Each structure stands twice: as structure tokens, then as C-alpha cells.
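Let chain A serve as the given structure and place chain V on it in line with the hints.
Line by line, the protein sequences give chains A and V.
Just so it is clear: in the first sequence, position 32 is 32 by the numbering used here, and no numbers are missing.
Numbers given in the numbering used here equal positions in the second sequence, counted from 1, plus 1000.
In short, the hints are calculated from the structure, not lab data.
Everything numeric in this text was worked out from a predicted model, so none of it was measured.
A couple of the hints might just be wrong.
Said to hold, decoys possible - Heads up, simulated SDA-like pairs for lysine to any residue below, C-alpha to C-alpha not over 20 Å straight-line:
1. A/Lys14 <-> V/Leu1030
2. V/Lys1004 <-> V/Lys1058
3. V/Lys1019 <-> V/Leu1129
4. A/Lys14 <-> V/Lys1058
5. V/Lys1156 <-> A/Asp26
6. A/Lys14 <-> V/His1132
7. A/Lys7 <-> V/Arg1112
8. V/Lys1048 <-> A/Asp26
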Amino acid sequence: MNLDEWKSQWEAYKDRTGEAYRLSDDQLSDLLTDAPGFRPAGRLSRRILLNLGMGLFLVMIGSGC
Amino acid sequence: MIEKTLQNEFVQLLAAHQKLVHTICSLYYLLPEDRQDLFQEIALQLWKSYPTFNHQSKITTWIYRVAINTVFAKIRKEKSRPKSDSFSEAAFQVPQPETPFEQVEAIADLYRAIHQLSDVDKAIVMLYLDEHSYEEIANIVKMSRTNVSTRIGRIKARLEKRLKPQTQ
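Isolated chain A, as found in the complex:
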């Protein structure tokens, strides 16, 4: 049998695999934001601000303000 004749089986395989492992839009979004070690530029700047804020807060508490 020619390999080209297996193209319908290949399409069927892709459909079945895609259906079995399909992720919702929310799950796909989570993949982008929950990845360890992955920091898009916007998230990195927010993290720096958060760390600065936390640092100031701890200094204020420590100094009794």
C-alpha cells in the first residue's frame, strides 16, 4: 500500500489526538502565565515593582513607622 493512501488515517489520527487532549482557552492562557522561568517583559516590570514595594513595607515595619 502506498504511503499516500494513509493520509486519511493520518487526518483521523490528528483529529482523535486533538480531541482527546483539547485544552480550553483558559487552560491555554494559564500555560503562558504559569510557566516557571518564563517572564514576559510586562510581568517582569510588575514583579520588580512588587519587590520594591514589599522591600519598602518591610523597612517601614522594621523601623517602627
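Frame of chain A; chain V shown alone:
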């Protein structure tokens, strides 16, 4: 705000083409957790390169290019990747209820036969079965067109030999 809009646009695109990414993951890894890891890595690489995607090539060609590069980079990093023959037959089952048994068997045979190929040959045969031209395949797997053509000839012969007993 702009980043969020871009992310939403990308998620829609990924949702529409996730079948392709899941298929690639399933051909390189048998364990569900490995497939999930690879899927996430591919999604992240696609997201990273999305702002530079110029829509001049087909979207599937871009996805294939990024996904295959990600797979090969991951494989290079792994020192002890389990061989496919160390898995039981159950690992090769194609998930699908309510499908005629013969059809499931035929699909599983094709999957099993492709899974036995080398990592590069798997990529080539996937692209071939998805009707990419030899030029596109050569471009994605970073080989000459002649090399791709030769490899496709060998892969066809190998797969046709393996698949022959099931078609009689």
C-alpha cells in the same frame, strides 16, 4: 493592555491549531506528563516568537517550524530519553471511543510505524503527510531539498513495508 490583547489573540490562534501541536507531542513522547511538558514548551516558544511572525508564511508552517525546533532542542537536552520499544503496547493505543475497531487498528498501526522512525524522519513524514512541499519541509527541518527527497523515498519504503501486513 496591549500585551493582554496580543495574548488573547494568540490564545485564539493556539486554540484553533492546538490539534497540530498535540499531534507533534504525541509522536515524540508516549507518557502524558511528557507530552504536557512539551506542549507547554511549544506554546511558550510560539508565544515568544508570535510578535515577530509576519504572516508571510502559512500559519501551520510557522507552528511546525517552532514546534520542531523546540522538540529537537528538548531532545538534545535530555540525556536518557526512554526508547519507544521499552513501552508496552498500551502506550500506543489511539484514544477514541465509538470508532469501528478496524479503523482504530489502522490508525494505531500508522502511529506505531511512525513512532519507530528517527526523530528527524518523524518530522519529515508528518510534514509530508500534511502535504507540505519538499521546499517547505527542507526549510523547516533545515536540510537541502535533495536530502529531504532522498529521505522521503527511504521513509516511504520503510513505512510501506511495515504497514503492508495490516493491509492484506
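Those earlier numbered hints the structure runs against, lowest number first | Violated hints: 2 and 5; rest satisfied.
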